[in-house]
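J.: Just so you know, the sequences run in chain order A, B and C.
Under my numbering, the first residue of the first sequence is numbered 1, with each subsequent residue one higher.
Under my numbering, the first residue of the second sequence is numbered 1, with each subsequent residue one higher.
Under my numbering, the first residue of the third sequence is numbered 1, with each subsequent residue one higher.
The hints are simulated quantities; they were obtained by calculation from the structure and are not laboratory data.
In this text, a Cβ means the ideal position worked out from N, Cα and C, and glycines have one as well.
Be a bit skeptical, because a hint or two may be false.
So the derived label-pair ranges between C-beta atoms look like this [what the hints assert, rightly or not]:
| # | chain 1 | residue 1 | chain 2 | residue 2 | range |
| --- | --- | --- | --- | --- | --- |
| 1 | C | Val224 | B | His101 | 30 to 40 angstroms |
| 2 | A | Ala207 | C | Val157 | 29 to 39 angstroms |
| 3 | C | Ala27 | B | Arg104 | 19 to 29 angstroms |
| 4 | A | Glu136 | C | Phe223 | 49 to 59 angstroms |
| 5 | B | Glu171 | C | Val157 | 20 to 30 angstroms |
| 6 | A | Glu213 | C | Ala162 | 35 to 45 angstroms |
| 7 | C | Thr217 | B | Val130 | 24 to 34 angstroms |
| 8 | C | Ala20 | A | Thr8 | 35 to 45 angstroms |
| 9 | B | His101 | C | Ala162 | 29 to 39 angstroms |
| 10 | A | Ala7 | C | Thr217 | 46 to 56 angstroms |
| 11 | A | Ala207 | C | Ala220 | 15 to 25 angstroms |
| 12 | C | Ser17 | A | Ala7 | 42 to 52 angstroms |
Below, simulated EDC-like cross-link-like pairs (lysine to aspartate or glutamate); rule was C-alpha separation at most 16 angstroms, straight line [unchecked claim]:
| # | chain 1 | residue 1 | chain 2 | residue 2 |
| --- | --- | --- | --- | --- |
| 13 | A | Lys150 | A | Glu136 |
| 14 | A | Lys123 | A | Glu213 |
| 15 | A | Lys44 | C | Asp182 |
| 16 | A | Lys56 | C | Glu132 |
| 17 | A | Lys150 | A | Asp88 |
| 18 | C | Lys230 | B | Asp125 |
| 19 | B | Lys148 | B | Glu70 |
| 20 | A | Lys123 | A | Asp145 |
| 21 | B | Lys60 | B | Asp125 |
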Amino acid sequence: MFIRHVATAIVALFLTVTAAQAGDEKYITLVGTTSTDNSGLYDKLLPLFTAKTGIKVRVVSVGTGRAIRLARNGDADVLLVHHRPSEDKFVADGHGVKRHDVMYNDFIIVGPKEDPAGIRVLKDVGAALAQIANAESLFVSRGDDSGTHKKELSLWQVAGVDVSKASGTWYRETGSGMGATLNTANAMPAYTMSDRGTWLKFQNKSALTLLTEGDPHLFNPYGVILVNPARHPHVKAEMGQAFIEWITSPEAQTVINAYRISGRQAFFASAAKNGS
Amino acid sequence: MILPLELDNISFEAGGARLIKDITCRFESGPRTVIIGPNGAGKSLFLRLCHGLIQPSQGKVSWHGGAAAEAGRYQAMVFQRPVMLRRSVAANVDYALKLQHIPRRERAETIDQVLHQTGLRRLADQPARVLSIGEQQKLALARAWALKPQVLFLDEPTASLDPAASHGVEEIIDAIHAAGTRIIMTTHDLGQARRLADEVIFINRGRVLEKAPAEPFFAAPENDLAQAFLRGELLWWSRGRDNRKGEQSENGEA
Amino acid sequence: MTDFGDAFAAAFALLVSLDADLTGIVALSLRVSLTAVAIAALIGLPAGAALALFRFPGRTGAVVALNALMGLPPVVVGLIVYLMLSRAGPLGVFGLLFTPAAMIIAQVLLVTPIIAALARQVIEDLWVEYEEQMRSLGAGPGRAVPALLWDGRFTLVTAVLAGFGRASAEVGAVMIVGGNIDHVTRVMTTSIALEVSKGNLALALGLGIILLALSATINAGAFVIQEITKRRHA
């Protein structure tokens, strides 16, 4: 009686609403890191792919850890992240077909303009971090299991500092993305490690400045992987592969190299010429 | 025809107390019955047991010897405080008729008729809740009348009304009776009882102590508690007043 | 304080230019939240009424649980819906993840308890007043539900508005199940979160002002409609 009417009304309502967007759109789902998205590179790059192939790219931006988990569940077609060990494991476990180099940039250490720990003069990131630890100057970490976070932890190892003991004192873990962490660092102010792309684009950094760059340890490579259709049959393998081929093609690689933020090059193309 | 209404040794218990005790009673068609008694005697409970709003703890209520299917359809009840839905006067009557699946044209005719007969026609499109309580009570009667009930129960219908409104309500009750409906009502107003009753039932502490035609009753009731009540004593039960043999003093009675 | 001034300026600029991205985001936000609230009302109003009117074993527990569910954290709901809709999950075959449909589902789960719990209270109170007369007229609890819902409509509209407020303000659930995909699942709240993460605080605040204005407009509209109908029917 009543319940029946209510139930049909609900179903009808839901169907009309969602049908509107079911559509015949050709698209792939790309899951990637917030750092790449926030840099603005995708806004420049992806429309070119769509113009060429008619395939739209739906970008879901989350931390590397979550991106990989989403891809493992089969909720995406293509994975583009920046943590080599995790990427290799992803392929080794059979969730990805093959890892391709796309581009790289670097990480930097930023901190308060007054530089209380005096790291500006140091070129060596290990030494810089050790000095911050010694001075017990405030350092903000993403603490979110992302590629950036894992990289940061490896640098503390290089510096020979055990930060887990200092958590909550001078070492503050925000458990959030790069943007939120930079907001926090700017407000304290504190030192933090960021990728160059996010840093260049970021607006709320009036209390911070770039202090350490160029150390080989700060190298930040990005890899792109097609989610394995053998494991997840619904994956749009053809379209996803087309994307990978395109983004590693000379056309896309030139655009990547040409991308500037505040006049500076943000990413360096690195796809091998023969596409490996 | 759902009458006669028979109550066979009805009792009702709540909260550990027996509020209605061993009532056996029969209502034929015809007279207007008025039920009187002190506050807390159980008059309202009795009415609700008759109408089926409450089930007796013991005993049986039967209509037409148990042969009346859906006796509820042919009864109606009006309460001390009228309950109106948040809609217009006419719509309130319409609601009651729709519940009985009466077709639209017949509903419209009936509504017009009862509103006219109760003097409410000019208020038909007003929100029911802005009416005075007297007018709302007339509306409650109109709504009940629209159902063309064979029996109309009324629980102290004028207790919340001023004298003028009470008078209007009594006239409507008269009219409903004249049109053929059996009236069974309670009141604490003895004057009203004298005006309206053809038959009187006196209830005290959950028991029917006397049932008699109105004239002889008001002239000289047989039961001495009824006599006391008519004299204006016994307005409410109080403990320790009753040491009569045959009457057990029970605690917990309200 | 400059941030606030910049925020108002940003909001104004966006509105005046009828920025295409903004209109798309606003339209999607309204579509998702209004749909979710409509569905939640269709489920919650009769459910709340039924809970108010019928007695069954465990009823008290159900009432308490329903009231508690009003405080469901959006991010928890988002997580649960993600696990359900993920390809690795039970409903993955429908491919609903990262679509507005998923966002609607999550918001329905958030809003229905609010509407149902408030409806239950309203109907329960009304039934105390109406029960005897309704039963006398032949309407037991089942048949009385529509009339009770209609009579309680003013309070129930407020309950629905409360649900809408919850839906349009939350970011946790829609972020997880929608993915904040540009032009597909980006709504006001996730846009604001995105701009904050980019450090564009003034723009984020500006969007926040627009969101507030939107909510205020809808509530004002509902209020006016209520007043008009009150005069007519009371």
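J.: Broken hints, numbered, in rising order?
T.: Hints 2, 3, 5, 6, 10, 11, 13, 16, 20, 21 not satisfied by this model.
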